[in-house]
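Enquirer: Sequence:
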Amino acid sequence: MTSRVIALDLDGTLLTGKKTILPASLDALARAKDAGYQIIVVTGRHHVAIHPFYQALALDTPAICCNGTYLYDYHAKKVLESDPMPVDKALSLTEMLNEHDIHGLMYVDDAMLYEQPTGHVIRT
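Numbering (our numbering), first residue to last: 1 to 124.
If you're looking for bench data, these hints aren't it; they were derived computationally from the structure. Fair warning: there could be bad hints in the mix.
[Said to hold, decoys possible] In silico PhoX-like pairs for lysine-lysine, Cα to Cα no more than 25 Å straight-line:
#1 LYS33 - LYS77
#2 LYS33 - LYS19
#3 LYS77 - LYS19
[To be verified] Restraint-style ranges between C-beta atoms, simulated for each label pair:
#4 GLY68 - LEU91: 20 to 30 Å
#5 TYR37 - LEU80: 15 to 25 Å
#6 HIS75 - ALA24: 23 to 33 Å
#7 LEU91 - ALA24: 44 to 54 Å
#8 VAL48 - THR16: 30 to 40 Å
Where a beta carbon is used, it is the ideal one built from N, C-alpha and C, also for glycine.
Start from the sequences, fold in the hints, and give me the full structure.
Expert: Structure representation (structure tokens):
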């Protein structure tokens, strides 16, 4: 069986500069779904941050989140597959960031952790 898939990013692709989805895009994706295509969101964002867009698109597929680190199923409300950074490496990375006065951003379960808001945090 052959799957027909449309995989799309949000920021800079589907979303406008005002972080909305154009009605024409919603219509085109609805027609694609009706034609048998599966629509999959693939994003650098955390699943909590994309949930409103997932709902607006009326999707039934999992989302690929945080730059591919995990696959999230909104209907089951759980991570299906993941490849997280081990805790010891995360701690080591945090120490290096602190040593060089670099503000980091980490996704942990259902949260985004940061010391100071960065451009990325403000945009999302």
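Enquirer: What's the verdict on LYS33 and LYS77, does the C-alpha distance respect the 25 Å limit or exceed it?
Expert: 22 Å, holds
Enquirer: Taking 23 to 33 Å as the hint, is the beta-carbon distance of HIS75 and ALA24 inside that range?
Expert: Since the Cβ atoms of HIS75 and ALA24 sit about 27 Å apart, the hinted range of 23 to 33 Å holds.
Enquirer: Just to be sure I understand the hint, the distance between the Cβ atoms of GLY68 and LEU91 should be within 20 to 30 Å; is that true here?
Expert: At 22 Å between Cβs, range holds.
Enquirer: Check the following: the C-beta atoms of VAL48 and THR16 are separated by a distance inside 30 to 40 Å.
Expert: The hinted range 30 to 40 Å is violated for VAL48 and THR16, with Cβ atoms some 21 Å apart.
Enquirer: LYS33 and LYS19: Cα distance at most 25 Å?
Expert: 22 Å, holds
Enquirer: Just tell me: holds or violated, for the beta carbon distance of TYR37 and LEU80 against 15 to 25 Å?
Expert: 20 Å, holds
Enquirer: Between LYS77 and LYS19, is the straight-line Cα distance small enough, at 25 Å or below?
Expert: Holds, because 24 Å separates the two Cα atoms, which is no more than 25 Å.
Enquirer: Between LEU91 and ALA24, does the C-beta distance stay in 44 to 54 Å?
Expert: The hint (44 to 54 Å, Cβ to Cβ) holds, given that LEU91 and ALA24 are roughly 46 Å apart.
When held up to the earlier numbered hints, the structure conflicts with hint 8 and nothing else.
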